[in-house]
Every structure is written in structure tokens, then in C-alpha cells.
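Full structure from sequences and hints, please.
Read off the chains here:
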Amino acid sequence: MVNFVKGRFVQNYRLPSGGRINRNKVLTFRYNNRYYKGYEGDTLASALLANGVDIVGRSFKYSRARGIMCAGVEEPNAIMQVGATEATQIPNVRATEQSLYDGLVCSSVKGFPSVRFDFMSLVGRVAGGAMGPGFYYKTFMFPAFMWETYEKFIRKAAGLGRSSRERDPDTYDHMHQHVDVMVVGGGASGLMAALSAARAGARVIIADEQSEMGGALLHHYKEIDNMPALDWVQQVCDELDANENVQRFTRSVVTGLHDHNFLTINERRTHHLGDAAPQGMTRERIHKVRASSVVLATGAHERPLVFGNNDLPGCMQCSAVSQYIRRYAVMPGTSLVVMTANDSGYQCAFDWFDVGREVVAIVDTRANPDGDVFVQAKERGIEVITGSAVIEARGGERVRKAVVAAINDKGTFVTGEPTELLCDTIASSGGWSPAVHLSCHTGSRPVWNDDIFGFVPGETPENNIAAGRVSGAQTLSDCLREGIKAGADAAASCATLHGQASSDSLSTPKVVDVKQGAAMAMYLVPHTKTPTRAPKQFVDMQNDVTAAALQVSTREGFESIEHVKRYTAMGFGTDQGKTGNVNGMAIVAKTLGQTIAQTGTTVFRPNYTPVTFGAVAGSNKGALFDPKRFTPMHKWHVEHGAKFENVGQWKRAWYFPREGERMQDTLNRECVATRASVGILDASTLGKIDIQGKDAREFLGRVYTNAWAKLEPGRCRYGLMCGEDGMVMDDGVTSCLAENHFLMTTTTGGAASVLSWLELYHQTEWPEMDVYFNSVTDHWATMTISGPNSRALLAKVCSDIDLDKDAFKFMDWRAGTVAGAPARVYRISFTGELSYEINVPAHYGLHVWEALFEHGREFDLTPYGTESMHVLRAEKGFVIVGQDTDGSITPIDMDHAWAVANNKPFSYIGKRGMAREDCLRPNRKQLVGLETVDPNTVLPEGAQAVRNPAQSIPMTMVGHVTSSYYSANVGRSIAMAVIRDGLNRMGESVFFPLADGSVVEAKICNTNWVDPDGARHKS
Amino acid sequence: MFVIYCPYCEEHREEEEFHASGQAHLARPLDPDNCTDKEWGDFLYFRKNPRGLHQELWQHTAGCRKFFNITRDTVSYKILETYKVGESPKVNLEDASHG
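Protein sequences appear in the order of chains A and B.
For the first sequence, the working numbering begins at 1 and goes up steadily by one.
For the second sequence, the working numbering begins at 1020 and goes up steadily by one.
Do not rely on the hints blindly, as some may be mistaken.
EDC-like cross-link-like pairs, simulated, lysine to aspartate or glutamate; straight-line CA separation at most 20 Å [to be verified]: (1) Lys1085(B) <-> Glu556(A); (2) Lys590(A) <-> Glu556(A); (3) Lys1057(B) <-> Glu724(A); (4) Lys1097(B) <-> Glu1035(B); (5) Lys876(A) <-> Glu917(A); (6) Lys1057(B) <-> Glu917(A); (7) Lys911(A) <-> Glu1058(B); (8) Lys1085(B) <-> Glu941(A); (9) Lys1085(B) <-> Asp1050(B); (10) Lys911(A) <-> Glu1034(B); (11) Lys1003(A) <-> Glu941(A).
FYI, nobody ran anything at the bench for these hints, they're computed from the structure.
Structural data, given as C-alpha cells:
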């Protein structure tokens, strides 16, 4: 071995030349608190291998040592926690996909307390035999209350990565893209597809998960068009980059193919640059792509074979071995045994041999391999042992020997005496599993193909086109040809290009294909012992699922592959079983005596690879997480120390505390001041819908329960809105502005849904009606002055409305000028006091509000927020829809029979519903008042009522508290509740057993605590 | 994420602009007061939940605010047609599901 870096940690396994790495740029990184060096162009995995690091994790269940097995997205073992600081932690990063950068800090996520010494491995060794499928289900099920304790222990021991406890310093964003053709995958087929679609004039995006385009060409050196393959790749990329209609993304995983050709691309923009993104760059970006057609050129993942101890570090995929040697100039070991069931496995032996290292043997499971590669192996002098298999790997924490035995020609049992070969690396290839994942995201099931022993994409709803290895193509020339056709077909099917797609077709680049020998169907390699007695034969490395476990679970009755998956956890890891699933299905199929096609696959769902929460959130965080709505007077509220509450997206002033006040002190002061003199509320958030048209009045009569026929211009009326089921849905005051013109107000939260409701009935049921709706919520600033001095206050700022109590009566509205602003003033009241609701165009809101305070000083004008509003209205028994009602309350239930006009000619919405048998029965829950026996006890809202607190649990509950406050004006606590048959039980006691064990007694009463005769609001 | 053709705006727009409102063609009984409880209950609560083609009512909430109908396959999520309220669907559910 040649040492390039002097010092303690040297890249002993780096080859002296070759690879797509920059040897002039040495990078230092830290892994498990030790420093190592690598080169620019390395992945974390290739750099670790270059330094001879062969244990990168401990397994999930048995805590066995695990090494790097693959070189790409399918890697199950090398899962890292990356991040130099707490804030930049990223869990579960695949070392095979993380580009190396200077200063990278990482650690294994598995292994507690360390990968080298792991106390759970003792559990694995001692209890390993007993930890069958469903071990955790069976062992930790009882007693049930202990689960939370077990779970913490299991999670810690299993050691999945952890996310940061600090705020992520990076930013992320999303982009919307609209293209004609989206090409997924930048290998030979994808590049051809993108090029042919682009030449046809299509707008194209091509994305690939790797750091550069080329796919398998990056390590599988062949000539294309008489030039080195990578020169050819560069030439294609140059043409694509020169085309303004093409976007080419690298380090970009297409994570989902959703309905109607909506794709998500997760672009890792800065993961290769450093621990945090450079200034001004987003760390990751999600491209949300809407494409007319989609070409899937996602390639295939090599399937390792399943044999005894196949998880020992040193067991790898054949193609991964080639990648490390050719692309990164790294030797994953010193002496190699290859086991293959097809021709492709030979390549890694050639790559190993060609750099002058020892290939012990190629073990071919086929009795008579007849492809060109067999001859090439012989020419190199490599021993090929045919009709045999590596049935077991031996070694402590690294492969030391391969146990080889002759097998029968179906590969189902061992026929010869096992012999041992000394080696430290065993590369295996059972064939290739097309990366069908994206084709399945919209519900399509993949189809088994007996020619390649793999699943290929089925027909998808949008007729996505699969090209290359993913569709089962076996040779490079087929891949190129399919790519060209796919790109042309995709462009031709675009509506936007209909009939205009250029016919400038590409000719297939020239490549020399070798003669391929027939592959053999091989998944589980037989052993001299049965799977349950043989050394563990792993199917899913990340979840420690063995062949024996799959057989046991089928014996225990789990026959559907979906059930087997959930029982054994096969395919549940962060790798989603990219290497193991097909092997697992084959083993299950064989145990059940079925074909793999009959057994089928589990469902592949988005995302293809894990996506960070940062990328998902994008810029939708902090202030941009959800829109905030502010009233025109918001600034004043902030300046005057208001506390705010969220009402939907609105920020509403909640209460206005003064220095030293507790919340209840504030509420007491605000409520008393309002009834004593005058208070003011910002009510701008109430929904306002402008309704016009000659049938507007009739329409109101149909959607409200009460009568509207006689409401004159200048008058207002409270309206109650029900659903067809007869349950109260919304309420508010509607004013007649002119004969065919009304203004409806809704609850703050109901504004949007009520508008949709009105539109629904107008558009679908009564389109013949002449009526129009428009939201004017934001157009008006609304301030309500309430209290005995409100008239005197209004008179100070309004001279053109006659405020005389008989000229401007309760439930009248008048247009005029308030503090110089055009205004509509409504004499309506939600407090029971004399009250005016002043509406001015929104931009005058703050000015009018401030003018009122200027003139309100002499009346001690007191601002109050939503909490005092709630108390004041409860003192009068006014309901809040959504608080005192819950979708099961009719107007009758809440004692609002006065707002129901059953003599209207049209059967208004809610009338028939209210007449249903269940709505008419006695003993319904009805809205009543409550007074606690102890006047200082305030019931919790939501408390459940019982008639007899001495009964045994579960008690019969008869209702619950909907609103509950301490009222300074009444001098005691008051509450509203829905109680069975409550309206007939005035004066009776109900009891509220609370969570702390106490029981509160309260008497049912009516809800009109203040001014029961209603003299004040009419004064 | 669907892409939906609004028959009023006459444009394909993203699903984010729309709101689904359940089964289409639910006519409110003309004389509710003379419906039996069963008839009214059927109108109120009973909805189809087909595997396959379904006619749905959608609203272009963040667009023209118009309600319109969609014939959609609940398995493939393909939208076969959109049409205005008051128009008849061109896709015959019976024929399509057997064909």
C-alpha cells in the first residue's frame, strides 16, 4: 500500500492513480472523534474506505458490526450523524451520498455507546437466537403501561440519528417549475431522453441524485461514439446546458412522482460545501415540478446475494466495488472473492485485478456461464469456480474467509463439500432490481419480468415512460436507444408542442456490446443447514431481517407480503429496502410455494429518500409560516400594551393590562368601566359580506332562520344561520342598506365559510335568483363604543347624524361622518349597553379610533379586548357560535325560538332539519346559565356535568360548561352550559366532578344576569 | 396535487386554488317539509364512495369562486372532465366503469 499523507492517519487503501478525485485538494474530516484525510471528489464513504475504516455502524436488533456495502443511494449500513455544531446536526445521512468537504464532522448513528464496543451486541449474542420476528411486539407488549419505558430504551439502543436541539441556521426554499418533459435520472438513458426531447423543442428538466451526470458510466468505462464514455457525457451536458429550454440539476433527488405529473425534486445545494450553507445560499431547495410528460430513467440497484454472515464488513455489492476502485481510486480490501449469478458481477473482479490486486476467485452459481466475460476472466488468469456459491462468510469483525460449496443447478441445495477461501472482501451480485419506486407513487404496481428477474414499472395513470435499466434494458446500446425514443415520445405527447415537435431525431451513439450469458435466478444461497440453523442470512441489513425470520413469519401465518413487511420490519428503514426487498419477496414466495409475481411487492410511497424538515418547510416558517391579519388599529393596540390572541389568522387585542395588573384585574376594570361609562372594542375582524340584487331579501330569508321580508332600509336585524341538519352554524347582524342591498356580518372565524355557503346555494340550488355576494371584511374598520356614555361620546365626533334616542333607535343604522370620515353607524349591542358600532373605510380606522380617545378622556373611555367582550356578552346571555354551540345545537336548544320564523313561505335552510324526530325529542341538551354555589369558584370550560356525583364511574354525563367567567359586574362567577332538559330544570343543582377530585355544585339559572328587562340598550 | 381545469376561467390551475365540496348533483328536495325523515336523512347524510369514477363538486375558491363539477377516477385520480353547474357530464359513469 502506498501512503500519500504522512501522519497518523493515512489513506492506506488509496490507489496511486486514477479516480475522479482531485489529489491536489486534501480534505480533513472527523469521524467518531478521530481525524482522517480524503480528497476533493470523495464521498464520505470512499474516504472512510480509503482510510481502512471497515466498521461504520452497529445493527438495529442484534448490534452486529456493519460495514459499507454499497456506493450510492441504496446503502443500508453507513448511516451518519453529520454536523460540526449542535445547530447544524443532520441525522441519518448516507455516507455514500455525502460529498466530502474540509472540516466535515460525523459519527455513526448506530452503536451505543460506541461502534467498536457495543453492550447491546452482548444482548445480540446471548439472546440472538431468541430474537425472532416480532421480538419487540412479543416481548415488550406486557404490561401495557410499561411500553413508554421500553420504548425509550429501545430507541436509545437502536440509536437512530437525532435532530438538532437548536435552531437551524440555514435557509431553505421552494421553486415552482413548469416543463414539457421531466427526465428523472442522468445516466445514459436519461441523458439521451433529455437531449432528444430538447432537440424536439421541449422545455426539459433533467435531475440526477449524484454529484455529476453519467450514472453507471461514471465507473463503468466504455467507449461511446469512439470516445471515452465520460467525454461523451460531457459533450451531451454541454449541449443541454447551451439550450435555454433545459435545466440540469445534479445532487437532486426526485423524491416523489405525485398525481397529474407533479414531481418533487430535493436539491442539495450546499451539502458538499460545508457544515452550514455559504452566506446568501439556501441549503436545500425543493423544486415543485408540473410536467406534461415524465421519463423515468432511474436505473437499477444491484441486488446482493443472501448467504450466511453476509453482513460482515467486507461483504459488498459487486458494482460498489467497481465504483470505489474506478471512481474514487479506493480499494475496499486486499483480496477478493466474487460470487455472482450473472455476467455483471465479473466486472468488479476485472477492475480489482486490473489495478494489480489479488482476486482469489469468481464463484459463479451457474454451471455453465457462456458470456464473453467468462472468457475474459480466463484470459486474465482469474479462477472461476462454476456451479458453486459462497454459502457463508467467516471472520470476527471483518471477512477472513469465504466458505464455498458446489450447489445444484437450481441453486436450492448444497451438493458438494464446503471449502474455505482466504479473502477479506466478498462481492456478490444476484442481479439488478430496477428502481421502480417513482413509477409506483401514483398507485401503479410493478410487474415481474422473468427475463431480468426483477420488477419493472407497470402502467402509470399518466403513462410515464420508463427507459433504460429501469425498464429492463440490459445493454448500453439498448439504454441509449430507449432514451432517445422516450425523449422523442415524451416531447411528442406534450399538448403545448402538439404537431410542432421537431423531427430532428438523434441517431443512436455507437457502442460495442459484449455477448451476455443467461443469468440465473438466485436470491437466498443455500447452506448445508436450514436458514434457522445456518449462520444468519441477512435480507434487510438496516432492520436486521434474516431469511429465517421471513420463513418463520410465513409459518406463523403472515402470508401477504404487506403483513410480512410489518411483522418483520423488512424494508422499513431509511433505505426502504432498496437492496433487500426483492430477495425478501423471493424467500417468502418460495416458502409459500408461489412465484414472486404472485407474492408481489409492498407499496412504494413518496419519498424515495428521506427529506429534511428544513427542505419540507422551505421559507414557510417564522413570520411566513401562516399569514397574519392585522386590523387598521393594530399599531395603537401594540403601543398601548395590549395582549393579543389568535382568532384564525387575525391578531385580536385580548386585553389591555395596566402596570401591575393580573389578567383578572384587567378584565374586572375593563368590564366595570364599560358598564359604568363607556368602553371601546376593535371589532374590525367580524366577517362582512355585501349582498346585492333584486332577490337579495328573498335569499336572506332562505339562508337565515328568521324573517327578512319587512326589514326596511336603515334597519338592522340579528340573524341565525343553520345547516340543512338544523344545527346552528353562524350568526350575526344584517343591515338593510337599500331595498336591494344588504350588509351581512358573520363571526370572525366563519367569514370565509359563510361566503362559500352562500355561493354554494346560489350557484347550485337557486341560480335563477338575482343576487351577488362580495367579502368586504377588510374594507371597513369597525369600532364598537358601548356604555351609558357612548351617545355623548359619539356626539363629540359626529354632527351630521341625529343621535336622539327616538330618531336613531336601537337596531337602526345611519350614514354620516365620524371624526371627518365617512361612516356607517349601527346602533346594535353585544354588551346589552347603549352601544354604537362605527364603521369607517379601513384607512380611516386609526384616525377615527384616536379621535374617539381624544374626546373620550372625559368619559374615561376604556379600551377592552376579546376577553372582556366575552364576559360582557355572557352577562347578557348572548351566545358565541362555535363556543356555546358545537354543531349539535338547534336554535330551540339554545332558547332562540324567537329567531325562528316557521311561517315563511319558503322552507328555509335548517327548517326541515330542525323538524327531525331527534331534534324534537325531549331531554335534549339545552343552553342554560349556571351559578356555582360558591360564588368565587369559576368552573373550567368543558367541565362535564352529572346529576348525582355519588354514582360510580363511569358517571352519566348530562352536559358540559361552554363559557365560564368571573363577572365583576355581577359580583360572582357566571357560566353558560348545555344541560339535558336544562330549560325545564331551573333552580336544580348539577355537579361537576373535576380532574383534581373535587366536585363543584352549580345551580341552573337563566342567562340574563345584567339588566334583564333590556332597558339599557334601548335607552 | 391535482391540476384542474376550471370551466369558467378556462385554464388549468393548481389544486391549491380549489376546494373540494363532496359529491356532485345532490339536488335539494323541492318540498323539504313533505319529506319523510328517511328521505331527508338520505339527502343529508348518505353519499356514494365509489371505487372508480365519481362526480364531485369543487369550488375555485382562490379564483373565480365558482362551483363546478368534476368526473374523477378515485383509483387513478385522473380527471376525465370538468363541467359547469347545470351542464350534464359527457362521461357516462355506467359505460365508463364497464368499458
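Right, here's what the structure says about each hint:
1. Lys1085(B) <-> Glu556(A): violated, 56 Å
2. Lys590(A) <-> Glu556(A): holds, 15 Å
3. Lys1057(B) <-> Glu724(A): Holds, at about 14 Å.
4. Lys1097(B) <-> Glu1035(B): holds, 17 Å
5. Lys876(A) <-> Glu917(A): violated, 31 Å
6. Lys1057(B) <-> Glu917(A): Holds. Lys1057(B) to Glu917(A) sits at ~10 Å (cutoff 20 Å).
7. Lys911(A) <-> Glu1058(B): holds, 15 Å
8. Lys1085(B) <-> Glu941(A): Violated: Lys1085(B) and Glu941(A) sit about 40 Å apart, past 20 Å.
9. Lys1085(B) <-> Asp1050(B): Roughly 26 Å separates the two Cα atoms, so the pair is violated.
10. Lys911(A) <-> Glu1034(B): Cα-Cα ~35 Å, so violated.
11. Lys1003(A) <-> Glu941(A): holds, 16 Å
Violated hints, in rising order: 1, 5, 8, 9, 10; the structure is consistent with all others.
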